[in-house]
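Chemist: Sequence:
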Amino acid sequence: MNRELFRTYGSSLAGLRDLGYDINPDDYHRFVHGRLPYDLIKPDAELRNILQSIRQRKIIFTNSDRIHAMKALDRLGIRDCFETIICFETMNPGLWKPASMEHPVVLKPSMEAMRIAVDAADVDPRRTLFFDDNVKNIAAGKAVGLQTVLVGRVTKSEEADYAIETVTNMVQMIPEIWVGDDDKRINHARNEMDSVYAATTVVA
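Heads up: the sequence shown begins at 1 in the UniProt record's numbering, then just goes up one per residue.
These are computed hints drawn from the structure, not numbers from a lab. Each statement offered as a hint is correct.
List of simulated lysine-lysine pairs, DSSO-like, C-alpha gap at most 30 Å: (1) K42 to K136; (2) K42 to K156; (3) K97 to K71; (4) K142 to K71; (5) K136 to K156; (6) K42 to K58; (7) K136 to K71; (8) K156 to K142; (9) K71 to K58; (10) K71 to K42; (11) K156 to K58; (12) K58 to K136; (13) K58 to K142.
Pairwise CB distance ranges (calculated): (14) D119 to E4: 26 to 34 Å; (15) D80 to T168: 12 to 20 Å; (16) K97 to V154: 43 to 51 Å; (17) M70 to P104: 22 to 30 Å; (18) M70 to D124: 22 to 30 Å; (19) D44 to L19: 37 to 45 Å.
For every residue, glycine included, the Cβ atom is placed at its ideal position computed from N, Cα and C.
Use the sequences and the hints to build the structure in full.
Modeler: Given below as structure tokens:
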């Protein structure tokens, strides 16, 4: 059932609430994430160094709740590399209000979630790199005008501007991130990427 709900709704919580179960999001996340082996997540010095070398704003955009996201980032040793976290609570403020059952759960890859993220981050989508490992999320990102990076693949999906096997591969695959104003050596394939050095990097 959990797998079917996730496939249909994007999360088990969204599916259960749509089916009429009045489940408190905090209780749900405490139950689901409370049993996760966070100790298996180890610091990633290479990723931290790469993130620190990027001058642009860096923002986490995740379907997870804030507590889970912060725990994972803390274990990786990269929480302080990001300006802010756009998460479950950001997309679903109505779920903690009276008559919360009237509010459907909003998550990636819905267009509403993407628009909320763009507004919350206060970015120009055309100058923003969106990293995600889900093809549907990448398609949604492209639909709102983001420059998209599909992670975990060696070939691009139709809506992906880039494909990288791991996040750390961005150094080799997207060197434009580190290009400065006075560097004119790189010819970008897309006009809107001419000033990628001024873009915001959004990491899922």
